[in-house]
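For the protein sequence lines, the chains are A and B, in the order given. Going by our numbering, the letters in the first sequence line up with residues 237 to 571, in that order. Going by our numbering, the letters in the second sequence line up with residues 5 to 236, in that order.
No wet-lab data here; the hints were simulated from the structure. Only a predicted model underlies this, so the values are computations on that prediction, with no experimental measurement involved. Every residue, glycine too, gets a C-beta built ideally from N, C-alpha and C. Any given hint could be a false lead.
Unchecked claim - A few chain B positions that, by computed beta-carbon distances, are all more than 10 Å from chain A:
hint, residue
1, ASN100
2, PRO114
3, SER141
4, SER195
What the hints assert, rightly or not - Here chain A is said to cover these stretches of chain B; the calculated rule only asks that three of the stretch's residues, wherever they fall, bring their Cβ under 8 Å from a Cβ of chain A:
hint, region
5, 53 to 59
6, 127 to 137
7, 142 to 150
What the hints assert, rightly or not - No more than 25 Å apart at the CA atoms, straight line, and that leaves these computed lysine-lysine pairs for PhoX-like:
hint, chain 1, residue 1, chain 2, residue 2
8, B, LYS125, A, LYS496
9, B, LYS186, A, LYS320
10, A, LYS454, A, LYS324
11, B, LYS198, A, LYS320
12, A, LYS265, B, LYS42
13, B, LYS177, B, LYS198
14, A, LYS320, B, LYS203
15, B, LYS236, A, LYS320
16, A, LYS489, A, LYS523
17, A, LYS331, B, LYS125
18, B, LYS198, B, LYS103
19, B, LYS125, A, LYS324
20, A, LYS489, B, LYS30
21, A, LYS265, A, LYS350
22, B, LYS42, B, LYS125
23, A, LYS331, A, LYS320
24, B, LYS103, A, LYS324
25, B, LYS198, A, LYS324
26, B, LYS186, B, LYS198
27, A, LYS265, B, LYS125
28, B, LYS172, A, LYS265
29, A, LYS489, A, LYS350
30, B, LYS125, B, LYS186
31, B, LYS176, A, LYS496
32, B, LYS173, A, LYS320
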Amino acid sequence: MWLWYDWRSAAIADAEGNILDLEEWDGWKSTDSVISRLEIIAHSALTPEAKRLSERFPDAIPLIHGDPGLPDANWPLPSSEAMKSLDKAAIILSKRGVDSAAGDPDRRLEHILKATDELRAAWITIEGRLVEWVGLFLPEARFEKDRSSLATTVSNSESLSDLATNLEIGMPPVGPTPEEWKAIVDWSTSVSEIKTRVDKMETVVREISLEHMPSLSKLLGPILAARLCVEAHGRMRLARLPAGTLQILGAEKAFFNHLKTGAPSPKHGHIFMHPWISRSPKWVRGKIARMVAAKASIAARCDAFGGELWGDEIIESVANKVELLRTENSKPPRR
Amino acid sequence: MAKLRQISWAVVVDGRTLWTRNAVPKYSQYGEQLRRFKGVEYRRWDPTRSKLGAGLSRARNTQYDLLPNPGDTCLYLGAGHGTSLSHLHDHVCGNNNEKEGRIIAIDLSPRCLRDLVYLEKIRPGLVPILGDARNSSSWRMMLPTKVDWLLQDVSQADQAEIFIDAAKKFLKKGGKGLLSLKAASERFDASGDKIIFTKVRNQLEHSGMVVNEQIDLHGLEDNHCLFFTTMK
Numbered sequence: 237m238w239l240w241y242d243w244r245s246a247a248i249a250d251a252e253g254n255i256l257d258l259e260e261w262d263g264w265k266s267t268d269s270v271i272s273r274l275e276i277i278a279h280s281a282l283t284p285e286a287k288r289l290s291e292r293f294p295d296a297i298p299l300i301h302g303d304p305g306l307p308d309a310n311w312p313l314p315s316s317e318a319m320k321s322l323d324k325a326a327i328i329l330s331k332r333g334v335d336s337a338a339g340d341p342d343r344r345l346e347h348i349l350k351a352t353d354e355l356r357a358a359w360i361t362i363e364g365r366l367v368e369w370v371g372l373f374l375p376e377a378r379f380e381k382d383r384s385s386l387a388t389t390v391s392n393s394e395s396l397s398d399l400a401t402n403l404e405i406g407m408p409p410v411g412p413t414p415e416e417w418k419a420i421v422d423w424s425t426s427v428s429e430i431k432t433r434v435d436k437m438e439t440v441v442r443e444i445s446l447e448h449m450p451s452l453s454k455l456l457g458p459i460l461a462a463r464l465c466v467e468a469h470g471r472m473r474l475a476r477l478p479a480g481t482l483q484i485l486g487a488e489k490a491f492f493n494h495l496k497t498g499a500p501s502p503k504h505g506h507i508f509m510h511p512w513i514s515r516s517p518k519w520v521r522g523k524i525a526r527m528v529a530a531k532a533s534i535a536a537r538c539d540a541f542g543g544e545l546w547g548d549e550i551i552e553s554v555a556n557k558v559e560l561l562r563t564e565n566s567k568p569p570r571r
Numbered sequence: 005m006a007k008l009r010q011i012s013w014a015v016v017v018d019g020r021t022l023w024t025r026n027a028v029p030k031y032s033q034y035g036e037q038l039r040r041f042k043g044v045e046y047r048r049w050d051p052t053r054s055k056l057g058a059g060l061s062r063a064r065n066t067q068y069d070l071l072p073n074p075g076d077t078c079l080y081l082g083a084g085h086g087t088s089l090s091h092l093h094d095h096v097c098g099n100n101n102e103k104e105g106r107i108i109a110i111d112l113s114p115r116c117l118r119d120l121v122y123l124e125k126i127r128p129g130l131v132p133i134l135g136d137a138r139n140s141s142s143w144r145m146m147l148p149t150k151v152d153w154l155l156q157d158v159s160q161a162d163q164a165e166i167f168i169d170a171a172k173k174f175l176k177k178g179g180k181g182l183l184s185l186k187a188a189s190e191r192f193d194a195s196g197d198k199i200i201f202t203k204v205r206n207q208l209e210h211s212g213m214v215v216n217e218q219i220d221l222h223g224l225e226d227n228h229c230l231f232f233t234t235m236k
């Protein structure tokens, strides 16, 4: 005996396909109740009608409409009006799904991280131009040591000679016209403005990342954790990646070149940004990257699958391992 | 002007270009050209933007059979941003769903669904659903009876398995099933895309489907092939 059901009705049939009992639901005119019905079905639970029939016929095997295990029978299919109501409900459910995508930290992280990268790239170009521009008029100026305050100094200066005094250098005979000087000042204002915005956005990235991936952020730092998450297209995918893939995330070009031409494989991708790797001698970076990637992979899984939060002692033990690898390989390998 | 050739009530071929009768007058869906033929507005169907359009313009023998009948129930797996879907809607549903068609459009990405939900507002007859083509349990109740026409355009591994599974579950006997296969989504085969296409063709034939035509979309959509099958 079979218990057949769909979102609107349920029926009991014997092996020959004769319908023995039938329960129908007439609440389909209200879209809201159809939506709750669809949610029941989507979670593979029984509808109230199916439950009632299953109490009446405990040995009937419940199978949803369309299951290949069901016998052929004249099942009570919904009328076309009921189907219209179903379509309406499905569309509302889809809308809800689209709305809830806004709550997905993976997507939010992607936008803000990429926006930060773009803004930072813009900042680097216009800041470089400012330095060259000022340097043209003040050849004596030297910015090698510290140029972080240059933008504010320029925008706070009344004129080129004022700037020269602020920078404690001599004034050359040729200077910009007043309008040209104004353009330089405006330019420097946007340089400092963009820098402030980049810093603010990075703070947001840190916040989201610490919230979304606490353990990985603790191990690698929130910005690097966010970068890995975005590169892997989401926390869940990152957690499912093998550690070897995590190690070279961000080095795809080198990796596929390696597959194609047999060039040496990349040792590290984004993970290189971590001082454990970038501040190590060249010949141990691969070893450290492999170890750190394996640890990061575990941390990512802890975050994605609700594992234990990583404490300071685990991070410390990883740091000790890095130190051990560095001391064990303190000399470059002999060729 | 080249001679007009009618493929269906809503689809015409003018020389080599495809046009569909615009179900939403004066509205260009994705920046395509609008044009009047004998006082009726048509939208240009760009074959480089739509694999269904590419298949239709490349088909040799089956051009007149490829599309569903107006008013059919259709299932579209991997509807994307709705480019192909809008032209399919022009044909199956028409203005304000005058043909009473029903197109169930499934896509996994919320970004795509955002566009599809908007499309549904101006094109009644569409039912966009946020779901996985591979996992039909979340949307199977939308199809109490089997469909007349199935199109699958998902770019993920095991495209053929997903298609066969969907066709067995949801496609009527004698119903038309179109599979747009992206060779690059399948496991890499050093012997080339053609081998992949042949493998998939055999796979389809072994699972009880008739392959009416295998349409190579090279030039319009590289490394793609559209299989036009019928359910036995």
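Hint by hint, here is what the structure shows:
1. ASN100: holds, 14 Å
2. PRO114: Violated, since 3 Å does not exceed 10 Å.
3. SER141: violated, 6 Å
4. SER195: holds, 17 Å
5. 53 to 59: violated (count 0)
6. 127 to 137: holds (count 4)
7. 142 to 150: With 8 residues closer than 8 Å to chain A, the region 142 to 150 of chain B meets the three-residue bar; holds.
8. B/LYS125 to A/LYS496: Since the Cα atoms of B/LYS125 and A/LYS496 sit roughly 48 Å apart, the hinted pair is violated (cutoff 25 Å).
9. B/LYS186 to A/LYS320: Distance of about 34 Å is beyond 25 Å: violated.
10. A/LYS454 to A/LYS324: violated, 46 Å
11. B/LYS198 to A/LYS320: violated, 44 Å
12. A/LYS265 to B/LYS42: Violated - the C-alpha atoms of B/LYS42 and A/LYS265 are around 43 Å apart, more than 25 Å.
13. B/LYS177 to B/LYS198: Not OK: B/LYS177 and B/LYS198 at ~29 Å, beyond 25 Å, violated.
14. A/LYS320 to B/LYS203: Roughly 41 Å separates the two Cα atoms, so the pair is violated.
15. B/LYS236 to A/LYS320: Given pair B/LYS236, A/LYS320 is violated - Cα atoms ~30 Å apart, limit 25 Å.
16. A/LYS489 to A/LYS523: holds, 21 Å
17. A/LYS331 to B/LYS125: holds, 11 Å
18. B/LYS198 to B/LYS103: violated, 39 Å
19. B/LYS125 to A/LYS324: holds, 11 Å
20. A/LYS489 to B/LYS30: violated, 45 Å
21. A/LYS265 to A/LYS350: violated, 46 Å
22. B/LYS42 to B/LYS125: Distance of about 28 Å is beyond 25 Å: violated.
23. A/LYS331 to A/LYS320: Roughly 17 Å separates the two Cα atoms, so the pair holds.
24. B/LYS103 to A/LYS324: holds, 18 Å
25. B/LYS198 to A/LYS324: violated, 43 Å
26. B/LYS186 to B/LYS198: Between B/LYS186 and B/LYS198 the Cα gap is close to 11 Å, so the pair holds against 25 Å.
27. A/LYS265 to B/LYS125: Between A/LYS265 and B/LYS125 the Cα gap is close to 21 Å, so the pair holds against 25 Å.
28. B/LYS172 to A/LYS265: violated, 31 Å
29. A/LYS489 to A/LYS350: With a Cα-Cα distance of about 19 Å, the restraint between A/LYS489 and A/LYS350 holds, given a limit of 25 Å.
30. B/LYS125 to B/LYS186: violated, 31 Å
31. B/LYS176 to A/LYS496: Judged against 25 Å, a Cα distance of about 45 Å means the pair is violated.
32. B/LYS173 to A/LYS320: holds, 22 Å
Hint check: violations occur at hints 2, 3, 5, 8, 9, 10, 11, 12, 13, 14, 15, 18, 20, 21, 22, 25, 28, 30 and 31; the rest are consistent with the structure.
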